[in-house]
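Respectively, the protein sequence lines represent chains A and B. Residues in the first sequence are numbered from 1 upward in steps of one, following this note's numbering. Residues in the second sequence are numbered from 1 upward in steps of one, following this note's numbering.
These are computed hints drawn from the structure, not numbers from a lab. All C-beta atoms, glycine included, are put in the ideal place defined by N, C-alpha and C. Treat the hints with care, since some could be wrong.
Covered stretches of chain B (chain A as the covering partner; in silico rule of three or more C-beta atoms under 8 Å from a C-beta of chain A) [stated by the list, open to error]:
no. : segment
1   : 29-35
2   : 101-112
Under 10 Å between C-beta atoms, here's a sample of chain A residues computed to sit facing chain B [claimed, not checked]:
no. : residue
3   : 32
4   : 81
5   : 90
6   : 94
7   : 110
8   : 118
9   : 154
10  : 171
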Amino acid sequence: MTETVAAETLAVEVRELTRTFGARKALDKISFDLPAGSFLSIFGPNGAGKTTLVKVLTTLTPPSDGTAKVSGLDVVEDAVGLRERIGLISHNPLLYPDLSAEENLRFFADMYGIEDPADRVRELLIAVELDHRRLDLVHTFSRGMLQRLSIARSLLHAPEVLFLDEPYSGLDPHAVEIFDSLISQIRKDHTFVMISHDLAKGLELCTHALILARGKIVLSAPRSEIDEGEFAATYRATVGTGVA
Amino acid sequence: MAEKTTPAVSLRPSGASLSWRQFKAIVRKDIVMELRTKEMVTSMGIYALLTMVIYQVALSQAGTAFDPRDIAAGLLWLAFVFTSMLGLNRSLVHEKDQGCLEALLLSPVDRPVIFFAKAAGNLVFLLIVQTLTIPVFAFLFLQGREYGGDLWMIPLALLGGAIGIAGVGTLLATMSVNTKGKDFVLAVLFVPLMYPLLLAAVSATSAAVLGGDGYVQQFWSSMALVAAYDVIMLGAAFALYEFVIGA
């Protein structure tokens with residue numbers, strides 16, 4: 001996260017970004033850049049502004065002030081075009097429980113205007129190893145299967161930037177293993193922005209890390225410049241003192 | 001994981017054809033889910049039938065001189081308004097509860113397309129409930145009595161009213177879905193806004209049931225008001241939906 005990176009290689013550009021809810025500032029003039037192909041882990045206590053930041057970057061919430069660009073597109077001015085370039089994997093699978101796996105993916109394929117949706121859906125169901133369950137209703141799926149289907153949903157339109165909002169929440173160790181394997185296989189083709197409370201996992205995956213508290217950036221650095229001990233101490237101090 | 005997860009996927013350029021595809025997908029999805037769960041139509045249908053039973057009890061002491069045809073249109077629309085509030089709330093709450101509204105909003109779909117698709121789905125469910133309710137109402141209250149007007153006018157009046165209810169109701173349900181007392185908020189907003197439509201729809205339906213001097217003129221002038229209401233409110237909802245759904 002540096003200001004020396006050429007503009008065309010930036011996946012995320014945030015400048016003086018502010019988001020208020022009434023008198024409360026969820027984000028308070030934060031600025032950072034993220035090069036394309038990077039993996040950013042965002043840490044912080046509850047209420048620090050992590051989810052608000054992701055909601056702004058995914059066009060779900062408009063900023064109150066400042067600017068943000070993802071894949072070179074402004075989150076306000078180019079919101080519709082930007083939505084074609086981003087995907088979101090959340091702790092909530094964002095799938096319709098009363099539709100089958102295939103119906104869910106076909107529905108979202110229609111939303112993104114994907115040509116030859118049948119082929120693309122089948123390809124992704126095979127990729128996440130759910131082809132044998134494609135006709136089953138989603139409410140019969142385990143948490144791990146839901147998360148795999150959620151990955152397939154988020155990859156349908158081949159997004160450039162993937163946002164992960166606490167994706168490991170509620171996953172058992174085996175599901176975590178499968179999820180990690182899926183992420184590692186798509187890693188080279190995407191930029192990732194992940195919210196996490198798991199310091200070890202977040203640092204293991206990231207190329208850049210950021211700690212938010214009270215809507216401000218407390219620490220932001222490339223992974224190569226981070227000392228795990230100091231980072232953990234800063235994180236614990238931020239969470240422990242109830243800064244949020 | 002198999003080797004290809006991020007090929008060069010072809011996306012159809014945004015425009016009318018994509019919007020039409022998105023519209024059809026949302027309507028189809030709502031209908032398929034309703035056919036599986038039967039949540040909306042069942043709850044609305046049972047509520048409407050229970051309302052008929054209550055009407056019958058309420059009118060049981062009215063005496064033989066009382067002609068239910070005089071108030072038939074009002075009773076019918078009263079049942080439809082309360083029944084529709086029940087269903088309209090469910091249509092958005094279902095979407096919100098599963099977090100699917102967020103996924104829908106993340107996709108490159110114009111917000112008015114979401115509005116028209118959700119309203120179209122709600123209209124289908126309202127028409128199904130109306131179709132189930134009318135014969136029961138006729139059996140309980142209008143059996144053996146003559147219709148003074150023309151029967152074909154009744155479905156036309158019901159359709160015109162249902163379009164307004166579905167349009168305004170979908171907009172208000174979207175507004176209220178993020179509020180704590182969503183049922184209360186929807187009712188408080190819905191009834192006053194529906195007042196002009198109800199007056200016109202009741203008048204048109206009354207003309208169709210009762211007939212009498214100048215009933216054709218009364219029907220069409222009332223239907224003109226219904227149509228004007230539908231056009232104005234659908235236009236307003238179209239213009240406001242982006243703001244409402246993003247709030």
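Practice problem: Could you tell me which of the numbered hints above are not met by this structure, giving the numbers in increasing order? | Solution: 3, 8 and 10
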